[in-house]
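> From just these sequences and the hints, can you work out the full model?
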Amino acid sequence: MFSEQAAPMAQGLLAPPSAEPPTFPRVPVSGYSDCSQPFQLGERGFSRQYAHIYAVRLAGMRPGLEQRARSLWGNGIALRKLSELQTGEKCCVVGTLFKSMQLQPSILQEISEEHNLVPQPPLPKYIQPSDELILEDELQRIKLEGAIDVQRLVTGTILAVYGCEQDDGRFLVEDHCFAGLPPPLPWNGPSSDRFVLLASGLGLGSVSGEALLSTQLLVDVVTGQLGAEGEQNCAAHITRVILAGNLLSQNTQSRDTINKAKYLTKKTQAASVEAVKMLDEILLQLCTSVPVDVMPGEFDPTNYTLPQQPLHRCMLPLASAYTTLRLVTNPYQASLDGVRFLGTSGQNISDIFKYSSMDDYLEILEWTLLAGHISPTAPDTLGCYPFYKSDPFILTECPHVYFCGNAPRFQSKLLQGKEGQRVLLVAVPDFSATQTACLVNLRDLSCQPITFSGFGADSED
Amino acid sequence: MADELYLENIDEFVTDQNRVVTYKWLSYTLGVHVNLAKQMLYDYVERKRKENSGAQLHVTYLVAGNLLQNGHVCHKVAVVREDKLEAMKSKLSTIASVHVYSVQKALLKDSSPLYNTDYDIVKTNLQHCSKFSAIRCAAAVPRPPREAPAAPAQSAQGQRDPGTASTVNGHGPPAAKGPPQQHRGIMGMFAAKAAARAQDAPKEAKAEPKEAPGVSAASSKPPTKNNIMNNFFGKAAMNKLKANSVPEQPKEEKEVGKPSVAVAETESSPNSAAEKPGKKAEPARIQQKDKKSKTKRVDRSDDEEERDAENVKKKRKRIKQLESDSSDEEDVPPSPTPEEERAPSPPPAPAPKAELEPASTEVSAAGRKRKRKRVLKSKMFIDEEEGCMGKAG
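As you go down the protein sequences, you meet chains P and A in turn. Residue 12 in full-length UniProt numbering sits at position 12 of the first sequence, and the numbers go up by one each step. Residue 386 in full-length UniProt numbering sits at position 386 of the second sequence, and the numbers go up by one each step.
Simulated from the structure, these hints should not be mistaken for laboratory data. Be a bit skeptical, because a hint or two may be false.
Stated by the list, open to error - Straight-line alpha carbon distances no greater than 27 Å define the calculated DSSO-like cross-link-like pairs of lysine-lysine that follow:
no.	chain 1	residue 1	chain 2	residue 2
1	A	Lys91	P	Lys413
2	A	Lys123	A	Lys105
3	A	Lys105	A	Lys89
4	A	Lys48	P	Lys277
5	A	Lys109	A	Lys89
6	P	Lys277	A	Lys123
7	P	Lys277	P	Lys267
8	P	Lys260	P	Lys277
9	A	Lys131	A	Lys91
Claimed, not checked - What the simulated footprint calls covered on chain P by chain A, stretch by stretch (three residues with Cβ under 8 Å from a Cβ of chain A suffice, anywhere in the stretch; the number is not a length):
no.	region
10	24 to 31
11	151 to 165
12	210 to 219
13	286 to 294
14	444 to 453
Stated by the list, open to error - Below, a sample of chain P positions facing chain A; criterion: calculated Cβ distance under 7 Å:
no.	residue
15	Pro21
16	Thr223
17	Gln225
18	Gly227
19	Glu231
20	Asn441
What you are looking at is a predicted structure, and each value in this text was computed from that prediction instead of being measured. We put the beta carbon where it would ideally sit given N, CA and C, even for glycine.
Structure follows, in structure tokens:
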């Protein structure tokens, strides 16, 4: 992308100073609209139980699932609720999935005195062959068996199963389906090259400084300081930078204040203070040159439950003086130049990773899109706000770019749907580990990773 | 030639000062476009090497281009030492750019000196860090400073929908406590008091912001806020100041400032000798503090510059005098006039008013004794209220 256009003038700067060097104007922002209002919480009350969110989720997705079931298994199939089931009758039931896992961390077990158990250490995956799937609807629940992959599915998914109830009270599944890709959005993309840079996991405040030069190189490429003229010209076509979470490193989360005595920690500053100052400076450099959207992540100073609210602008005094800085929620949805972006900082994907046999972040990302819900495991294993009116994580429209941050490596895929949906799935890698960011071309929904490196004592290249 | 000056400059930086001269550092130091700096460095290296082949110059280059990695084409941007330059260039399938990154005398083991140099020079030039860049962004304009007053207005409207909390964007500022109407009333009260009290324009202008910090922080932050507000109000005209300062206060307190603006403006006109009970909400207190207040206030009115120091001192004095004066104040009967004073102001509940008034007056301008007494009096009100609601307040 960049390279082909930039190649002719690649060596131009290996010359003595000649004419006045050109300055390229940044392509102007056209058609930006923030669509993440459902994720912005105003006054919050936590007195409600989480049962409501499951109820609205089922109520919200049921019509779509029933329609899909009819289209898959015939118009004449019987759609039954669990309370209306008759043994041996082939029917279709729509409900919420619950996976009972033995290894699932349970706070009740941890604090139970009878068991005298040490809380189990965090495992990469909590799945076991003995896990069971249970389908729940508004009133009842039933165990599922049959043509359904127990290991792969996670709690909280809304699905339709086709089969019949057995004599022993279990439901034998012959086929199942999810909500499928949401209806497509009209395409209004730009006709010329426009790029959006997706980066996540900057990891500032970490103990190691290897990624710092790479971060600086990233900022320099985007602001047009690095590179020869051709590359700077291409960089001027970057219309936006989206930082998808984990701007601070996990090291800033050390909670000495909890473990140590107060007199030892009274004068120590939280590690995140220095890191946020560094973040502010980096954001200032970016904001003077390009619009930036900053999404919070797992280790960032904002609330823990999804949807995470934007970072407060008081933490970023230098950068928030510019209108180009937008502090946005996680998940984030916006329309840039007619292209709809939807993405998270990766907590939803990594949570599904822990409770499912799926290993590939891109595969999980695609699966959430097909299941019609951004984060089905919330609120079971992922913290979530107790919504009661509607579930904002249900996918009602198919975005054009669907990304998740903090993936272990870069992956991308262009998904084509039956109703004309075209989705670019991007697993944005963790920058502090991979020094890689993603450049999405809005014209043709292609994505290219961009890697930065310095040279170290080991000098691999 | 003037053009050759840069060569001497670079020579001085590299050889004499033994610096790591990166293109960015050179660009900021000499005030030139980054591309020009890169070309200058290249030129310097070439000439130096031609002149003196034994010159100990180490150069790092930036190479960028396409690289096939893990099955997809990746755009790689790398800083490499000179000895690895060709190797990197051969790895890339297409080269997008090559230029000099830095020049230094010593051989670098790793890239951290490069990062440190760049970090330092950017840190000292944070205000115009895109000045010499090759890309100009027209959209990168600083926010107008008056955007803040709009936020409290929205927040008040958002608070009127407590039911739609969960998924509706309520614009709710998390710190907002209490019904907005009450606060507006209190702000109206403050504005009225501020308008009524001070005789001089600057004094009054300074009175208002000092009330506001009092409302919000009540004695911890006011000195600094006063300083900021003082600078602020040093410029504009008085009325404009008042109209603006009252919105500024809500900005800091996240309360609605509009009604108080209106009240302030209506009350600001009969301004001059604001001691007498021509003003509502003032007279009772003024009367009660007439003994000490008038003379002291006249004294204080002249001490604008020492106000901040005085405020701090006054606060401390106030705290000390609280114990001594409280006994005095308790004997003073709370006349019905305070109630009358408060009645005409926008209809808030008495309790929050009483709470906020002392806070405001604690930090009010010039720490006049009258205000100090107001503090005590209101505190007395609060105590009373908690006890038996017998007194006005």
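> Take the hints in turn and mark each one as holding or not.
These are the hints, each one checked on the structure:
1. Lys91(A) / Lys413(P): Between Lys91(A) and Lys413(P) the Cα gap is close to 26 Å, so the pair holds against 27 Å.
2. Lys123(A) / Lys105(A): It holds: about 24 Å lies between the C-alpha atoms, which stays within 27 Å.
3. Lys105(A) / Lys89(A): The given pair, whose Cα atoms are some 24 Å apart, holds under the 27 Å limit.
4. Lys48(A) / Lys277(P): violated, 40 Å
5. Lys109(A) / Lys89(A): holds, 21 Å
6. Lys277(P) / Lys123(A): holds, 11 Å
7. Lys277(P) / Lys267(P): Distance ~19 Å between Lys277(P) and Lys267(P) Cα, so the pair holds.
8. Lys260(P) / Lys277(P): holds, 25 Å
9. Lys131(A) / Lys91(A): violated, 34 Å
10. 24 to 31: holds (count 5)
11. 151 to 165: The restraint on the region 151 to 165 of chain P is violated, since only 0 of its residues have a Cβ under 8 Å from chain A and three are required.
12. 210 to 219: This one holds; 4 residues, not fewer than the three required, reach chain A with a Cβ under 8 Å.
13. 286 to 294: holds (count 5)
14. 444 to 453: holds (count 6)
15. Pro21: holds, 4 Å
16. Thr223: The hint holds - Thr223(P) has a Cβ within 7 Å of chain A, the shortest such distance being about 5 Å.
17. Gln225: holds, 5 Å
18. Gly227: holds, 4 Å
19. Glu231: holds, 4 Å
20. Asn441: Asn441(P) check fails; min Cβ-Cβ to chain A is 12 Å, beyond 7 Å.
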